[in-house]
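Novice: If you want the building blocks of each chain, they are given just below.
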Amino acid sequence: EDKVVQSPLSLVVHEGDTVTLNCSYEVTNFRSLLWYKQEKKAPTFLFMLTSSGIEKKSGRLSSILDKKELFSILNITATQTGDSAVYLCAVEGSGGSNYKLTFGKGTLLTVNP
Amino acid sequence: DTEVTQTPKHLVMGMTNKKSLKCEQHMGHRAMYWYKQKAKKPPELMFVYSYEKLSINESVPSRFSPECPNSSLLNLHLHALQPEDSALYLCASSQETGTGISFHLQFFGPGTRLTVL
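Note that the protein sequences, when read in sequence, are chains S and Z.
For the first sequence, our numbering begins at 1 and goes up steadily by one.
For the second sequence, our numbering begins at 114 and goes up steadily by one.
No wet-lab data here; the hints were simulated from the structure.
Every residue, glycine too, gets a C-beta built ideally from N, C-alpha and C.
This list has only true hints and no planted wrong ones.
Heads up, simulated BS3-like pairs for lysine-lysine below, C-alpha to C-alpha not over 25 Å straight-line:
#, chain 1, residue 1, chain 2, residue 2
1, Z, LYS153, S, LYS105
2, S, LYS3, S, LYS105
3, S, LYS3, S, LYS67
4, Z, LYS122, S, LYS37
5, S, LYS56, S, LYS37
6, S, LYS57, S, LYS105
7, Z, LYS153, S, LYS40
8, Z, LYS166, Z, LYS135
9, S, LYS37, S, LYS57
10, S, LYS3, Z, LYS151
11, S, LYS57, S, LYS67
12, Z, LYS154, S, LYS40
13, S, LYS68, S, LYS57
14, Z, LYS122, S, LYS41
15, Z, LYS122, S, LYS40
16, Z, LYS131, Z, LYS151
17, S, LYS3, S, LYS37
18, S, LYS40, Z, LYS149
19, S, LYS105, S, LYS37
20, Z, LYS154, Z, LYS135
21, S, LYS105, Z, LYS149
22, Z, LYS132, Z, LYS122
23, Z, LYS149, S, LYS41
24, S, LYS41, Z, LYS153
25, Z, LYS151, S, LYS105
26, Z, LYS166, Z, LYS131
27, S, LYS40, Z, LYS151
28, Z, LYS135, Z, LYS151
29, Z, LYS149, S, LYS3
30, Z, LYS132, Z, LYS151
31, Z, LYS135, S, LYS37
32, Z, LYS151, S, LYS37
33, Z, LYS135, S, LYS41
34, Z, LYS153, S, LYS3
35, Z, LYS122, Z, LYS151
With the Cβ distance kept under 8 Å, some of the chain Z side facing chain S (calculated, not the full set):
#, residue
36, SER168
37, ILE169
38, LEU203
39, LEU218
40, PRO223
Based on the sequences and whatever the hints tell you, model everything.
Specialist: Below you can see the structure in the form of C-alpha cells.
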C-alpha cells in the first residue's frame, strides 16, 4: 500500500519567518508528487514534481524532489498571515492496479502577525 | 474556464433521504474523481471515472452511487446515509489518467459540505 508521511503535522511561526515542510513517501511506480494548499475549502494546486533535483519556484514558495531518498520539501520564505493553511503532499503511484493520488495527513501552518 | 464547480455548497439530509451531489468541469478533462474529506484529515479517494467509465471504486458502500452522464458532468447519488458519512465531498478532474506527465494533474472543486442527521 502506498504511504505518504508529512512532517511536522503542525507549525506555528511569526510573519517573516522561513518554513520548511517535509514529505516522504513509499509508493509503487512513482509518477509524480504534488503539493496543494488547503484553506477552508478545496485544495489548490501549488507544484507538481516529477524529476529529482529540479527546483520549482513560485514567488516565495519553492519545492524540490529527491527520488533517491524518496522525499520532497516545500519552502516558504518571508511568511505572511495569508500563508496560514494546511499544506497537503500527494503522490501518484500505482499501489494496486490503477494510478491514483495518495495524500499525506497535511501540515497545518499558522502564521501569526 | 479553468475551474471545477460543485453544487450544492452545503447539504443537510436525513438518513432516509435521497439526494445528489453534482460536479461540472469545462476544461475538456476526461478523468473525474470523487473524494471524501473528514475534518482535519486528508482527502480519501472514493471513485475515479476515466472517459466516462468507472475505473476505480475504493470499496465504497453502495449507499454512494456515482454517475457520469457525459464527459463534463459527474454526479454522486446518496441514499440511506449514516451520520458518519457527514464530510466535505470533493470533486476533482484531470486531463486523463494516462501516461502523459502532466495529464493527471488534478484540479479540485470547492466541495459540498454534507451533514447527515
